[in-house]
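Guided by the hints, dock chains B and C with the ligands onto chain A, whose structure is given.
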Amino acid sequence: MKSFEPVIIAFLCNWCSYEGADSAGRSRKELPPNVKPIRVMCSGRVDPEFVLESFQKGADGVLILGCHPGSCHYREGNIQTLRRYLLIQNMLPQLGIRRDRLMLDWVSSGESDKFAAILDRMTCRIKTVGPLPGPTGNLK
Amino acid sequence: MTRRILIDPVTRLEGHGKITIILDDSGQVEHAYFQVPEFKAFELFCRGRAIEEMPALTQKICGVCPTAHHHASSKALDDLFGVKPPPAAAKIRELMHNAFMFEDHLLHFFFLGGPDIIVGFDAPASKQNILGVIETLGMEAGKEAIEIRKKVRRIISIIGGSPLYPANGLPGGVSKALSAPEIAEIRSTASHALLFAKATLNLFSRRILPESRFRDMLFDDAFRLETAYLGMVDSENRTNFYDGSLRVVDPKGKEFARFDVHEYPRHLEEHVVSWSYMKVLSLKKIPWNGFTEGPDSGIYRVGPLARFNVSEGMKTPLAQAEYERILETFGGKPVHQTLAYHWTRLMEVLYAAERMRELADDPGLSDSNVRILPDSLPGEGIGVCEAPRGTLIHHYQTDPKGIVNRLNLLVATQNNAAAICMSVEKAARALIRDGEVSPAILNLIEAAYRAYDPCLACATH
Amino acid sequence: MKQKPKIAFCWLSSCGGCEESIVDLSETLLAAAEAAEILFWPVALDYRYEDLEKLEDQELDAAFINGSVRMDDQEELAHLFRKKSKRIFAHGTCAHLGGVVGLANLFPGKEGLNEAYLRAPTVSNPDSILPKTRCEEGGETLALPGFHPAVKALHQVIDVEYSIPGCPPTPELVEEAILGLLEKRLPSRGSVLAEKKALCHTCPLNRTKPERIQAQRFYRIYEKIWDPNRCFLDQGLICLGPSTRGGCKARCIQANFPCRGCFGPLEKVRDQGAATLSFLASLMHAATPEEIEMIADSIPDPAGLFYRYSLPSSRIHQSRFEENP
Ligand code: SF4
Ligand code: SF4
Ligand code: SF4
Ligand code: FES
Chain A
432 MKSFEPVIIA
442 FLCNWCSYEG
452 ADSAGRSRKE
462 LPPNVKPIRV
472 MCSGRVDPEF
482 VLESFQKGAD
492 GVLILGCHPG
502 SCHYREGNIQ
512 TLRRYLLIQN
522 MLPQLGIRRD
532 RLMLDWVSSG
542 ESDKFAAILD
552 RMTCRIKTVG
562 PLPGPTGNLK
Chain B
153 MTRRILIDPV
163 TRLEGHGKIT
173 IILDDSGQVE
183 HAYFQVPEFK
193 AFELFCRGRA
203 IEEMPALTQK
213 ICGVCPTAHH
223 HASSKALDDL
233 FGVKPPPAAA
243 KIRELMHNAF
253 MFEDHLLHFF
263 FLGGPDIIVG
273 FDAPASKQNI
283 LGVIETLGME
293 AGKEAIEIRK
303 KVRRIISIIG
313 GSPLYPANGL
323 PGGVSKALSA
333 PEIAEIRSTA
343 SHALLFAKAT
353 LNLFSRRILP
363 ESRFRDMLFD
373 DAFRLETAYL
383 GMVDSENRTN
393 FYDGSLRVVD
403 PKGKEFARFD
413 VHEYPRHLEE
423 HVVSWSYMKV
433 LSLKKIPWNG
443 FTEGPDSGIY
453 RVGPLARFNV
463 SEGMKTPLAQ
473 AEYERILETF
483 GGKPVHQTLA
493 YHWTRLMEVL
503 YAAERMRELA
513 DDPGLSDSNV
523 RILPDSLPGE
533 GIGVCEAPRG
543 TLIHHYQTDP
553 KGIVNRLNLL
563 VATQNNAAAI
573 CMSVEKAARA
583 LIRDGEVSPA
593 ILNLIEAAYR
603 AYDPCLACAT
613 H
Chain C
-6 MKQKPKIAFC
4 WLSSCGGCEE
14 SIVDLSETLL
24 AAAEAAEILF
34 WPVALDYRYE
44 DLEKLEDQEL
54 DAAFINGSVR
64 MDDQEELAHL
74 FRKKSKRIFA
84 HGTCAHLGGV
94 VGLANLFPGK
104 EGLNEAYLRA
114 PTVSNPDSIL
124 PKTRCEEGGE
134 TLALPGFHPA
144 VKALHQVIDV
154 EYSIPGCPPT
164 PELVEEAILG
174 LLEKRLPSRG
184 SVLAEKKALC
194 HTCPLNRTKP
204 ERIQAQRFYR
214 IYEKIWDPNR
224 CFLDQGLICL
234 GPSTRGGCKA
244 RCIQANFPCR
254 GCFGPLEKVR
264 DQGAATLSFL
274 ASLMHAATPE
284 EIEMIADSIP
294 DPAGLFYRYS
304 LPSSRIHQSR
314 FEENP
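Top to bottom, those sequences are chains A, B and C. Residue numbering for the first sequence is 432 to 571, as defined by our numbering. Residue numbering for the second sequence is 153 to 613, as defined by our numbering. Residue numbering for the third sequence is -6 to 318, as defined by our numbering.
One chain only, chain A, in its complex shape:
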């Protein structure tokens, strides 16, 4: 049996995690193959619709990384993300999607180890929970 290789969409804030990925000498290519990075100028730019769209288009997991509270370049972008995140977390189970398919965390540009650990943990978690089922109703 072929092992399940999940697709994880990672929204990375330009100022922290995206930097972090670089400073660790991990250019895009060297990210775990399951993780598809999308650079955003601030985690606050991640519209909840992007998260849902990711799931719609086949992501098995979605990761949002932003600067630590207090260090967002746009002051409160990350806090805004936290608010939305906690609200989406309340809604996902209603949509039949496990909460742990979506993860939000903070990293700074220097925390390359933490960054790597988060990616590993997310990949491992999604591998355990398996693929996200598609809609059964033949909808477009």
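Rather than coming from a laboratory, the hints here were simulated on the basis of the structure. Treat the hints loosely; a few may be bogus.
[As the list claims (entries may be wrong)] Derived Cβ-Cβ restraints for the label pairs, each shown as a range: (1) A/435 / C/284: 35 to 41 Å; (2) C/122 / B/278: 36 to 42 Å; (3) C/134 / B/439: 26 to 32 Å; (4) B/293 / A/524: 19 to 25 Å; (5) B/557 / C/50: 48 to 54 Å; (6) C/50 / B/587: 21 to 27 Å; (7) A/552 / C/287: 37 to 43 Å; (8) B/481 / C/50: 36 to 42 Å; (9) C/122 / B/389: 36 to 42 Å; (10) B/371 / C/122: 34 to 40 Å; (11) C/181 / A/472: 48 to 54 Å; (12) B/528 / C/284: 25 to 31 Å; (13) B/447 / C/112: 29 to 35 Å; (14) C/27 / B/371: 35 to 41 Å.
Beta carbons are placed, not taken as given, at the ideal position from N, Cα and C, and that holds for glycine.
Leaving out everything else, chains B and C with the ligands in the frame of chain A:
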């Protein structure tokens, strides 16, 4: 070889339906089926929703009788939270309910089932509609009917925000009190509505009732069904649309049961057939005997004729006079003639207009105290009212946070499900002879269900 | 003589309310019946499906279709209309976005049947009968359409030229669409025929809506008596005005009731639920996870509220039914 006749879709009613008539070798009707090919699953998807959203959500079962759902639901919420709306709120609800009964019954008379009797059963299909009605009665009369419906629907907008879906239902009352200018407008519309109601009954008695084809069919056995009846009455057994007890009379007209709506699960039972999405209700205390008539059958009817049969009179004078006229014409009760639905419906138009007037004149209507906040946790609640098409019951259960975990809806037309199917079959058997079928015969068969003013979206929900 | 335009009105999985929005046109309806030939309209006219089938392809100038697609035969009927009509108008929110009945997509399709026909407390069904697509009754076969596993909006089944939003649309919007057709002044294909801006812009309470709202919690409507003259959001009541297309004349607001979003998302927004979630999050007056969670938990049924009218055409369409989500 059997032969099939298909009427698909059935027309001039709310929702989807089809009739399949099966003729045997000799051209006699073997069976006729009235099938409902739609279903929406409200009882499932209202689960998990917040209880306070039920009046707004469940009314989307039906855009023809939303106000009835809104009120059954609001009353279920009162019950569920243990709050009694202040007097002005109860009056506002009852006023809106009567406005709605008035306009909805008129929708039936002018647009849906009425054309059968106004234009005549045998008129061509192209005339069996509002345009044919206008042609028959004249442009003036047609416009007046359209105009008064519009004005009365405006009462619903004043109270509930929209002419269609009211948005004022809350546990313990309504969201909006009425201002003096609003009440003045309502009062003037109510007077106009009363004049119109009188004129409509006049039209019925002068023009339709004496007409020989209508009279023949009114008294014809093809359009008679011997059933029990269910409807809501006040403490003196007079019809009430908004509140009261449920009363059942047997096919002989004797009181069979009189109960508070909380007792409904002991009295009513639903059955499932594999050929239709419409569930069929019967009286639980009589063992289910299939689609049969008479004293051994638990099949009952609801709606205007049923309310007439279960009540001992009307609370307002003009409606009472009409009640007596109907009684006299049929020589007593219960009246089992299905086409009498039309007449009893118009009697209710009169009642609704009179009641609107009474309520509009009530000094308590303008009180600004229209809401009481509940102080207990949600739990379980049942609400009932009379929809135009019959008794409507909403029953909800929630968890302690007020999230719905169970609901049961017994919707007006569902109570008539068996009777509608049987009326269609009976009419088909009587009217189709030796395989002869004409458009007029088919329309007459449709007239058998249209008299009920069925709403199939409601019936299946 | 110039040929009159030919039009049809039809319903799929509908409540009939959209039909009322046509009947409520009153005199305009009579005028439209003069100016156009109505060739199909089951709620009012005695035409049958066979009459529809007999029409030439593209013979209809427009078909106004209300209701969502829930049953097999409704899907077939939608295709038939597409074949017979030059233009399709998705009339009302059910056709436009899936509507209230689209909330059924939160559950597996067949559960609906089980709930209504097997488990309802007043049902007596010892043989566990369910309605069947083909059944033998007295030696005869009777057919019923199947119940789809999910509700779809009309555009998810056929191409749609115009949408008239609202549950139901106001008669004015329906009138405008019909007149636009008759007077040949319809906007560009794909238009949604209502306002482009949010409901708040035309809400009578908008002038009381502060620049910045800071909510410590949201109230359930049975927990509070509120001021009818002040923006509901500012009183801690959830109102979907900011994420809902205008055009309804603030019907609910006029009844002192907050908006529930029936006109669908704003122009160019696909997912009304996500947009609603976003703006509500931005009102939360909290910065720590604990405080935020408390406010988030004061919204009892986010999916049912944010997607009240639009789940089928949202990004997620339908619950994914994972075990233990
Ligand atoms: S949009 Fe609303 S009014 Fe129209 S059919 Fe759907 S539920 Fe009914
Ligand atoms: S939030 Fe609601 S009440 Fe406030 S302005 Fe917008 S629509 Fe009006
Ligand atoms: S206020 Fe909102 S829910 Fe009410 S009619 Fe307008 S758009 Fe629809
Ligand atoms: S700039 Fe990194 S989260 Fe805002």
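Each hint tested on the structure:
1. A/435 / C/284: 35 to 41 Å: Cβ of residue 435 of chain A to Cβ of residue 284 of chain C: about 38 Å, so the range 35 to 41 Å holds.
2. C/122 / B/278: 36 to 42 Å: holds (40 Å)
3. C/134 / B/439: 26 to 32 Å: holds (29 Å)
4. B/293 / A/524: 19 to 25 Å: For residue 293 of chain B and residue 524 of chain A the Cβ distance comes to about 58 Å; the hint is violated.
5. B/557 / C/50: 48 to 54 Å: The hinted range 48 to 54 Å holds for residue 557 of chain B and residue 50 of chain C, with Cβ atoms some 50 Å apart.
6. C/50 / B/587: 21 to 27 Å: violated (35 Å)
7. A/552 / C/287: 37 to 43 Å: violated (27 Å)
8. B/481 / C/50: 36 to 42 Å: For residue 50 of chain C against residue 481 of chain B, whose Cβ atoms are near 53 Å apart, the range 36 to 42 Å is violated.
9. C/122 / B/389: 36 to 42 Å: holds (37 Å)
10. B/371 / C/122: 34 to 40 Å: holds (37 Å)
11. C/181 / A/472: 48 to 54 Å: violated (33 Å)
12. B/528 / C/284: 25 to 31 Å: holds (29 Å)
13. B/447 / C/112: 29 to 35 Å: holds (32 Å)
14. C/27 / B/371: 35 to 41 Å: Once the Cβ atoms are compared, 39 Å apart, the range 35 to 41 Å for residue 371 of chain B and residue 27 of chain C holds.
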